[in-house]
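There are 2 protein chains.
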Amino acid sequence: MKREKLILVTNDDGIEAKGLESLIKVVREFGKVIVVAPEKSRSGMSHAITMKYPLRIETVKKEEGLEIYSCNGTPVDCVKLALHQLLDGKPDMLVSGINHGSNASVSVVYSGTMAAAIEGGINKVPSIGFSLLDYSAEADFNTAGIYVRRIMKKVFMNGIQKGICLNVNIPVGKEDELKGIKICRQTDGYWQEEFDKRIDPGKREYYWLTGYFNNSEPLADDTDEWALLNKFVSVVPIQIDFTSYSRMEELKKWKF
Amino acid sequence: MKREKLILVTNDDGIEAKGLESLIKVVREFGKVIVVAPEKSRSGMSHAITMKYPLRIETVKKEEGLEIYSCNGTPVDCVKLALHQLLDGKPDMLVSGINHGSNASVSVVYSGTMAAAIEGGINKVPSIGFSLLDYSAEADFNTAGIYVRRIMKKVFMNGIQKGICLNVNIPVGKEDELKGIKICRQTDGYWQEEFDKRIDPGKREYYWLTGYFNNSEPLADDTDEWALLNKFVSVVPIQIDFTSYSRMEELKKWKF
Numbered sequence: 003m004k005r006e007k008l009i010l011v012t013n014d015d016g017i018e019a020k021g022l023e024s025l026i027k028v029v030r031e032f033g034k035v036i037v038v039a040p041e042k043s044r045s046g047m048s049h050a051i052t053m054k055y056p057l058r059i060e061t062v063k064k065e066e067g068l069e070i071y072s073c074n075g076t077p078v079d080c081v082k083l084a085l086h087q088l089l090d091g092k093p094d095m096l097v098s099g100i101n102h103g104s105n106a107s108v109s110v111v112y113s114g115t116m117a118a119a120i121e122g123g124i125n126k127v128p129s130i131g132f133s134l135l136d137y138s139a140e141a142d143f144n145t146a147g148i149y150v151r152r153i154m155k156k157v158f159m160n161g162i163q164k165g166i167c168l169n170v171n172i173p174v175g176k177e178d179e180l181k182g183i184k185i186c187r188q189t190d191g192y193w194q195e196e197f198d199k200r201i202d203p204g205k206r207e208y209y210w211l212t213g214y215f216n217n218s219e220p221l222a223d224d225t226d227e228w229a230l231l232n233k234f235v236s237v238v239p240i241q242i243d244f245t246s247y248s249r250m251e252e253l254k255k256w257k258f
Numbered sequence: 003m004k005r006e007k008l009i010l011v012t013n014d015d016g017i018e019a020k021g022l023e024s025l026i027k028v029v030r031e032f033g034k035v036i037v038v039a040p041e042k043s044r045s046g047m048s049h050a051i052t053m054k055y056p057l058r059i060e061t062v063k064k065e066e067g068l069e070i071y072s073c074n075g076t077p078v079d080c081v082k083l084a085l086h087q088l089l090d091g092k093p094d095m096l097v098s099g100i101n102h103g104s105n106a107s108v109s110v111v112y113s114g115t116m117a118a119a120i121e122g123g124i125n126k127v128p129s130i131g132f133s134l135l136d137y138s139a140e141a142d143f144n145t146a147g148i149y150v151r152r153i154m155k156k157v158f159m160n161g162i163q164k165g166i167c168l169n170v171n172i173p174v175g176k177e178d179e180l181k182g183i184k185i186c187r188q189t190d191g192y193w194q195e196e197f198d199k200r201i202d203p204g205k206r207e208y209y210w211l212t213g214y215f216n217n218s219e220p221l222a223d224d225t226d227e228w229a230l231l232n233k234f235v236s237v238v239p240i241q242i243d244f245t246s247y248s249r250m251e252e253l254k255k256w257k258f
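Going down the list, the protein sequences come from chains S and W. With the numbering used here applied, the first sequence corresponds to residues 3 to 258, in that order. With the numbering used here applied, the second sequence corresponds to residues 3 to 258, in that order.
There's no promise every hint is true.
[Said to hold, decoys possible] Here are some, though not all, of the chain W residues that point toward chain S, as calculated from beta-carbon distances under 7 Å:
| no. | residue |
| --- | --- |
| 1 | Y55 |
| 2 | K156 |
| 3 | F158 |
| 4 | Q163 |
| 5 | Y192 |
| 6 | K254 |
Just so you know, the hints here were simulated from the structure itself, not pulled from any lab data. Where a beta carbon is used, it is the ideal one built from N, C-alpha and C, also for glycine.
Just chain S, same shape as in the assembly (with noise of 0.2 Å):
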């Protein structure tokens, strides 16, 4: 007999988020789910782990086939606590998200999302991180769902490669306004940040930080940018090995 599938699910919003509520419901027609998600928003994390405070978990909810774990540690916390913690075994997939808001191009960097997809390529768990572009705490998932859906069958059906993860950012629109799903590249990008720069009432300066987003590249087809602006999901197989292997041939001639 098949076991059955155990995925595990996380986010960077937060363990109330409506993006990870919208992902477990999603999520269940796999198999059994277990949630370790922070227990308020870690947006903007990326890897970063605890090491100065220690780590609690509640349990918010435990019925059949979905266990549910807040954490107030980091994305990666949550997933570090969950596959070397929690669980027996590993899973067979983590997701992570439906993150409220952006990932792609160079967000991929910043984003807790994303870092929680990475920590399970790491740890050789196929891992996939979901994003949907509205930032806004009451946005509709329902299309992600169904492009959640499809993605996930797939990668059940063909295994993910070794060494990567993967970046799926959905673009806002009715299941019909929606082109499909194209296998892209990282647009070349930065935040232009633009400090906000304030004086408190002890007269001491202070910055908050804003910005928004630069391409540093016209956007060509092949880029994540190009197809959310038309309408496409964008799938970027994010490598978790950081070496550049294209540069290391050349600095080699370097002759130290």
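Could you slot chain W onto chain S? The hints should help.
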């Protein structure tokens, strides 16, 4: 007349770390130096950014050719503040470190030192992260300084290739004990977490994150862990763009 070079320095061990002081000493030989570093240790912060509380900058020192600022944010916040707030133009180089402890293999993903270098790369600044394989606060950075100088010279001479930054790890040892510089790939490995589970006075469980590094592969002589074990300084070119180009073509055959 050639403009004097401007070098941005940061780290993740904080403004008072000996590794930072050692780095500043070497870097000043190359030009004007501006340091923006976390006010206290922010190890393991990876690429985290601060959006929920305001950032503050304190002037630590201003003298001819050297300005030092501390910041209450993460290493990446420091780089962003430097590039987008404190500096008029782009620096000629960003150097981060010298980290107290290894950032070889998969540790690159968790490292604030290396996240700062990656952030430099995203902003098209030639960037290098330096780490010494000694976690102690009183580590001896003399030999490391020799390699920092050699590698910075080479990078100023050759320029850094598009799309990468450098992850430099330096073994412990006197100058004549080290065997030179080796261009490497990142070893496939992971941190085996062994959470230290305890009970607090209120009878509630909590966990300390602990663990040790594990290779996921036998140590081939092109890996950074092999190089370091054999007393070479390892230089890994780190890809700023996270796309796995080799997997993109395979994925396109999936026919979603």
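Hint-by-hint comparison with the structure:
| no. | hint | result |
| --- | --- | --- |
| 1 | Y55 | violated, 9 Å |
| 2 | K156 | holds, 6 Å |
| 3 | F158 | violated, 12 Å |
| 4 | Q163 | holds, 5 Å |
| 5 | Y192 | holds, 5 Å |
| 6 | K254 | holds, 5 Å |
In summary, the numbered hints that this structure violates are 1, 3.
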